[in-house]
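Using the sequences and the hints given, assemble the complete structure.
2 protein chains.
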Amino acid sequence: MSNRNISDLHPPSRILLGAGPSNVHPRVYQAMMAPILGHLDPDFLHIMDETKDLLRAVFRTQNEETIAVSGTGSAGMEAAVANLIEPGERAVVCVAGFFGDRIAEMASRYGAEVTRVEAEWGRIIEPEAVEAALKAASRTKLVAIVHAETSTGIHQPLDDIVRLTHEHGALLLVDAVTSLAGCELAVDDWGIDACHSASQKCLSCPPGTAPLTFSTRAVDALRSRETKVRSWYLDMTLLDNYWGGKRAYHHTAPMSMVYALREGLRLVLEEGLEARLGRHQRNGQALRAGLEAMGLTLHAQEAYRLPVITTVRVPDGIDDLKLRRALLYEHNIEIAGGLGPLAGKVWRIGLMGVASSAENVLAVLAALEQELSAQGFRLEKGAGVAAADRALGEG
Amino acid sequence: MSNRNISDLHPPSRILLGAGPSNVHPRVYQAMMAPILGHLDPDFLHIMDETKDLLRAVFRTQNEETIAVSGTGSAGMEAAVANLIEPGERAVVCVAGFFGDRIAEMASRYGAEVTRVEAEWGRIIEPEAVEAALKAASRTKLVAIVHAETSTGIHQPLDDIVRLTHEHGALLLVDAVTSLAGCELAVDDWGIDACHSASQKCLSCPPGTAPLTFSTRAVDALRSRETKVRSWYLDMTLLDNYWGGKRAYHHTAPMSMVYALREGLRLVLEEGLEARLGRHQRNGQALRAGLEAMGLTLHAQEAYRLPVITTVRVPDGIDDLKLRRALLYEHNIEIAGGLGPLAGKVWRIGLMGVASSAENVLAVLAALEQELSAQGFRLEKGAGVAAADRALGEG
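Chains as they are written, first to last, in my numbering: chain A, 45 to 439; chain B, 45 to 439.
A few of these clues could be false.
Derived lysine-lysine pairs resembling PhoX-like cross-links, with alpha carbons at most 25 angstroms apart [claimed, not checked]: (1) 290/A x 366/B; (2) 366/A x 389/A; (3) 425/A x 366/A; (4) 389/B x 272/A; (5) 389/B x 425/B; (6) 366/B x 425/B; (7) 389/B x 366/B; (8) 272/A x 290/A; (9) 272/A x 185/B; (10) 185/A x 272/A; (11) 272/B x 290/B; (12) 290/B x 185/B; (13) 366/A x 290/B; (14) 290/A x 425/B; (15) 389/A x 290/B; (16) 389/A x 425/A; (17) 425/B x 185/A.
Calculated from the structure, these hints are not laboratory results.
Take a look at the structure:
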């Protein structure tokens, strides 16, 4: 075949307010134009070191074992699970959404005896439920929980669960895919043992790397494994010899994605973590105010709503897919539909990284108003935007 | 911490003649500037389809299951192994270099009973040895072999091994990381069942995606597995539902890397596969002629030398690392050292993709001559470049 039918690449430039990927910062695109280096070139090793330093600052950790996994967020999740679970060990996995379920599935594939602690999709996991599961099992190696459940919009409190996990001698794995650099997260202060994230959410980079950090306790567990990590590609003992230590060849790091991540992290620190979290908080609040003023119902449990992704119920009689297609093609705005049991029942509106802006809040509210009206939903014209505007003014 | 100490990114622009990554084509960098899309945006799904079509053309296959794994070459290798091996099954793995050894290690981690068929590093695997291994085992599920062994410079013939593998009812997995688009490879005509590659070698893209194709027989084997694939991230049954079929959400594809791959593949087809292989052949031959004319000894078995990576012995008395550092810092040229038992004993000079040019052949020979002379190696001044020049003229 020839490639005559496959033209130059001109994808549309969208406002990405779905569940991620989110929009990429222009300086990140710029960084990706930097020339590729050899995977063991001293200049590249130095860039890896800088990236580790930046990751530590954003994760708020001193953990030596802090790297970027060469894959997307799910590869980071799998790396955490694969390294901390040996066949036959018990994992208590909190499942109150799609991504908790994914961790449970991975843990099971890596041979764990999985105890699922469940909650309704849209509610938090209660510490008492975790405690009961820990007490019921003889010995738990790992407790896993999602900090920002992208499928439900829930902001999961972690303090009691960290305490309970450690009281039972287990390690705590936290999925911070959607929370890192968008919600408060302090790996060391909070006592998290393993934490993974992704480049394409609040870091405003393209998908392709997955930040991962292991505490000393997690590294001790890793070093005292009786079996090899089943995944060679994600084996942290080998990865750590490339990202640090002996700088031994393992795989070839995706340089352009590391360059992107490094720039994304620099942008986070330039803005300042606190200011950045404040911006996400303010815009999330304004969005929620606007949605409610339009007469829509928020899905996530009150007081536990994420600033970075908002779930809102699809009103009765509204065609979910038709509305999302209209937003995409008429307004150039992507929002996400629901996953699993929430498919067709909620929309998920992300405000992450550079895409978390007052302009985007107002744009998505105006577009929603127009398309809801077009489908016959009755609302007070301009109420959503006005409420958001007020909230932004107060924020 | 602040990022005051971590400056703007300005990596040097090197001539990458190591074992990969190789230089990235300017049009590929350009494609990476295209805006990110949602991972289920119809426009992105269309780009994935185009990428599959292009991959099929370059792999020379009609295989429906032809995708780009969201990781680097080793992730592609692990995906092939993980999907085609169930615990307790037999794999015959040909090991005549570093990457054959890596496949054996992965197969073992995924629970295979591994029979290693070994050859000296720098010689081909003889079909008779594979036949003996197949006859000795009761039932073999998978035979795995490296087509272009980057660690030794060996170009492995595959025809007899395909035939023997199929006679014994096994599947053939071929590692084409370094051969795809640089050496002849015809997945369908040759009867290969699974074939994986990497973006950063002869495709002139950054590392970050791993082309992978499965024949109908491989897909049948996958579909009739009794156990789930141990790796969730690399599970081809799930990946295939994202890259085709139901377009169900699995992970978030690394868009920028897919854009890059798509452009790299377009460039291959624009040049034409045959012309491209001819260029690699010609430049590889000129490099070998030049190295021999300088009095150096090629390492790989004669008649089985790769055009895309050449192994040449480090002469007695020459400091390997010092010479490579001089090439890097004085001439801006990266070549690679040896791996495993060949560490310190050979250099590996890659001529892959856009980096396979007459200019680079002459540049590396001139630089080598200068740095070898500086270390007291006696050679006829200009002989290497002259011999290469002659070979280029004849080619």
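A quick look at each hint next to the structure:
no. : hint          : in the structure
1   : 290/A x 366/B : 19 angstroms, holds
2   : 366/A x 389/A : 13 angstroms, holds
3   : 425/A x 366/A : 21 angstroms, holds
4   : 389/B x 272/A : 31 angstroms, violated
5   : 389/B x 425/B : 24 angstroms, holds
6   : 366/B x 425/B : 21 angstroms, holds
7   : 389/B x 366/B : 13 angstroms, holds
8   : 272/A x 290/A : 20 angstroms, holds
9   : 272/A x 185/B : 23 angstroms, holds
10  : 185/A x 272/A : 16 angstroms, holds
11  : 272/B x 290/B : 19 angstroms, holds
12  : 290/B x 185/B : 29 angstroms, violated
13  : 366/A x 290/B : 19 angstroms, holds
14  : 290/A x 425/B : 38 angstroms, violated
15  : 389/A x 290/B : 20 angstroms, holds
16  : 389/A x 425/A : 24 angstroms, holds
17  : 425/B x 185/A : 66 angstroms, violated
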